[in-house]
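For the record, the sequence lines run as chains A and B. Under my numbering, residues 1 to 728 are what the first sequence spells out, in order. Under my numbering, residues 1 to 97 are what the second sequence spells out, in order.
Calculated directly from the structure, the hints in this document are not laboratory data. Misleading hints may appear alongside valid ones.
Claimed, not checked - Just some of the chain B residues that point at chain A, by a computed CB distance under 10 Å: (1) Asp-3; (2) Glu-33; (3) Arg-43; (4) Glu-47; (5) Ala-48; (6) Ala-57; (7) Tyr-60; (8) Leu-61; (9) Thr-64; (10) Ala-68; (11) Pro-81.
A virtual CB, placed ideally from N, CA and C, is assigned to each residue, including glycine.
Residue-level listing of the chains:
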Amino acid sequence: MAEHREPRHEASALGAARQTVAPDAHEALAAGRYREAIRSYRTLAQTEPASLWAEGLSRAYRGRALELEAKGMPREALAIWGNRRWRCPGALPDPEEIRLLLALGELDAALAAYRELVAAEAPELVAEAQSRLAAHYLAEPEALTALADDDPVRSHGERAQAALAAYCAGDLAAAAEHLGAIPFRSPYRDFAILLKALLAYPEDPGRSERLLAGIDDASAFARAAAAARLALLPEAELVEALAAVDEPSRRFATALRGWSAERYALWARLYRHGDEAAALEARLSVLLEHRAELGDRWSRQQLIRYAYHHLPEPLDETLTARLTAADRALLAAWQTERDHPDDPEAALGAWQRVIAALRAAGEPTPGSSAALPIAVIQRYLATGLQLAHTSRAHEAEAALAESVALDPDYAPGHRLLIEHLRGQGRPRQAREAAEAALARWPQAPDLLQAALETALDEQALEAAAGYAQQLLERDPINRRARTALHDALIARARSCAAAGDSDEARRALAEAARWSESGPAREQIERIRTVIDRSHERGGSPRAIREAAQRYGNGLAGAFAVALEAERLGASAREILDQGRLLPAGGPPARADLLALCSALEQAADAPAEQLERALAPFRRPLKRAARLKGLALADYATACEALRAVGEPGLREAFARAALRHRPEEPPFILHALEARHPPGRGRRATSREIDQLQRAFRRAQAMDDKRTAHRLGALIKRLVPASEAP
Amino acid sequence: MYDPYLILGIGREADDEAVHAAYLTAIKACPPEHDPERFEALRQAYEAIRTERHRLAHAYLDTTPAGALDLLERAAPVTGPGQPDAGTFRALLRGDG
Chain A
1 MAEHREPRHE
11 ASALGAARQT
21 VAPDAHEALA
31 AGRYREAIRS
41 YRTLAQTEPA
51 SLWAEGLSRA
61 YRGRALELEA
71 KGMPREALAI
81 WGNRRWRCPG
91 ALPDPEEIRL
101 LLALGELDAA
111 LAAYRELVAA
121 EAPELVAEAQ
131 SRLAAHYLAE
141 PEALTALADD
151 DPVRSHGERA
161 QAALAAYCAG
171 DLAAAAEHLG
181 AIPFRSPYRD
191 FAILLKALLA
201 YPEDPGRSER
211 LLAGIDDASA
221 FARAAAAARL
231 ALLPEAELVE
241 ALAAVDEPSR
251 RFATALRGWS
261 AERYALWARL
271 YRHGDEAAAL
281 EARLSVLLEH
291 RAELGDRWSR
301 QQLIRYAYHH
311 LPEPLDETLT
321 ARLTAADRAL
331 LAAWQTERDH
341 PDDPEAALGA
351 WQRVIAALRA
361 AGEPTPGSSA
371 ALPIAVIQRY
381 LATGLQLAHT
391 SRAHEAEAAL
401 AESVALDPDY
411 APGHRLLIEH
421 LRGQGRPRQA
431 REAAEAALAR
441 WPQAPDLLQA
451 ALETALDEQA
461 LEAAAGYAQQ
471 LLERDPINRR
481 ARTALHDALI
491 ARARSCAAAG
501 DSDEARRALA
511 EAARWSESGP
521 AREQIERIRT
531 VIDRSHERGG
541 SPRAIREAAQ
551 RYGNGLAGAF
561 AVALEAERLG
571 ASAREILDQG
581 RLLPAGGPPA
591 RADLLALCSA
601 LEQAADAPAE
611 QLERALAPFR
621 RPLKRAARLK
631 GLALADYATA
641 CEALRAVGEP
651 GLREAFARAA
661 LRHRPEEPPF
671 ILHALEARHP
681 PGRGRRATSR
691 EIDQLQRAFR
701 RAQAMDDKRT
711 AHRLGALIKR
721 LVPASEAP
Chain B
1 MYDPYLILGI
11 GREADDEAVH
21 AAYLTAIKAC
31 PPEHDPERFE
41 ALRQAYEAIR
51 TERHRLAHAY
61 LDTTPAGALD
71 LLERAAPVTG
81 PGQPDAGTFR
91 ALLRGDG
């Protein structure tokens, strides 16, 4: 019984093995686990006819051989190729095997394998093998003489050899001619593409790149193409990329770039290192050993930078001996600034020691090459260390003054000194500095502008007018100069009028009229003149006042402009309005009149609060009536609310907001205006729970309407009005 | 590479005119649309040393050290592209290394 059962048992075991091992073999092969795949396929080949598994086993051997070669084990790889031939019946030699045989000098075996492929009439494999033989033939012209004369590797090879030799000798025209004689279908096709790419380099790198892209990674010339591609990289990328390729590729790429042997050797020292410490050490040693090529001064400059950034310990004596006293002081100054960032005095002291070291050879002549570095450092002390904002502001001034003395031909240095003195509230010194600079550069617009500004700081209006005149002669559209002078003269006119000196005020106005360039500026002057005439009883008539008001616009807007101007000039707004009969007798203003007044209010918002309050007082009644106007749009109410908010009129603002809410209850912007006006900051009035509810509803509604601005403002108001303990 | 002199390909002794000329030549050869990174490096290098005062400020106030490429460029500059010799070419084709 047992004898009869055994074959069935064996067959069933084999079937089980096939079922379990075959999937493992396929999976291992697909995953590149070639050793495992080889084991599994061999197991399978023992259980069934080997030919069934030969293809899988052959591919597994091929993968393993290439893997071993990539690991730098070519002999072991060759052994695997041998195993493949032995254990895989019918497997033809592989072109990669032929390449390895050639590389290992096994020429006879390589040629035998090649002939076997030719005899098997496998055209694709033959072409691949020929390409590899072609690369070898170019590398070793004497190696393949055993090939038949009519073999394309030899018959096309003569031209390819000649092209290579001509290219390497620099005879590019001859190289191109030889390439032209190589047929398209040739084992040297990729070589021809490679050499064409090299011939286009460096004049047409784009063409080189395109040609090289046409060489497949599996090509026998792929390695040369990759090396050529390196030469197309920018230098900063090339020096990094070279570290990742083999020596022949590096040599090839750097030769294309024209590197000298010295540069290559230096690259090897600087870039082939394991870690940052070794890299730093390499750079330092190159810095010290190549001082002649690098230049002594440059080497010293770099040495202190390396010491500043990289060396944890102070420089040792050998290195210190290479530095000058000024170098050492400079290093100390940098270190002081780095180590004591909040101590400008320590930095100042350190930099002053640098200056002392630079002066050690004697006081430099202003403008000389010895003086300019000191001036640069002095300017840095004032601006870089920001001494102007410390208790050592006087040091900044001294530094800037000295920089001007040492480097008098540097206009920005003068400008820095002038700006510093203005910033320190020293207009007279600033003006003197500006005049000194102008003595050197009388035409310089930036210095004329600086002089104009310093003169205005000093209220030296005649001098300012002189500078403005000069500026405008050179630059007629210099609005900055014109506006600065105009504004200063207007301010002076107002100040004189408020002090009762109407004659001087008129003179300032007459001068301002010279510089005013816009219609509104001239209207402003006319308005001021009218108010001065009327308030100082120089014959200003009600009609003249009305005309001055009308220049700003009919109705309330013009009246408000005159009223505010009167307050600015120290006169009474109400009196001048009464004299000019500028306020409407009764009834609400027209919508257009209201909107014009709102615009005037917005523009006047930055006037002093007390003047604004007195100027606005006569307009409260018409504004109150305007809030009850029929036919106002929601946008009109919003305009009025914003204008009244700008000039600080909460009562009127609330009135307009409530009027708007009667038209559109719960509208978030008007809930905001109404309740913000009712509860101004600092009043301490507690919001009712109804008001809080209203605000919260409005907040949610504004969010739902995606009105982010109103939602943000409502959120801020809720935060202010609802104590934290009561917040939801 | 950091050194603005090396980026512009000029010596330490270059004056304002030489710096300006080198900058113009460099940006003509490398307009921003071709290589924005290189163009920006050229622009920054020019800004750093365009006048004598800028050059002095760079020398005394800029603490950035030279990198390996700066050392390489300064100690052994490249004079121009070349061709590999036949031995180098053949070693690469042979598969040495």
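We went through each hint and held it up to the structure:
1. Asp-3: 9 Å, holds
2. Glu-33: Status violated, d = 14 Å.
3. Arg-43: Violated. Min distance 16 Å.
4. Glu-47: Constraint on B/Glu-47 not satisfied, violated at 15 Å.
5. Ala-48: Nearest chain A Cβ about 13 Å off; hint violated.
6. Ala-57: 5 Å, holds
7. Tyr-60: Holds - the Cβ of B/Tyr-60 comes within 10 Å of chain A, reaching about 6 Å at its closest.
8. Leu-61: Given a least distance of 6 Å, the restraint on B/Leu-61 holds.
9. Thr-64: Since the shortest Cβ distance to chain A is 7 Å, the answer is holds.
10. Ala-68: For B/Ala-68, the interface hint holds, since the closest Cβ of chain A sits about 4 Å away, which is under 10 Å.
11. Pro-81: Constraint on B/Pro-81 satisfied, holds at 5 Å.
Checked against the numbered hints above, the structure violates hints 2, 3, 4, 5; every other hint is satisfied.
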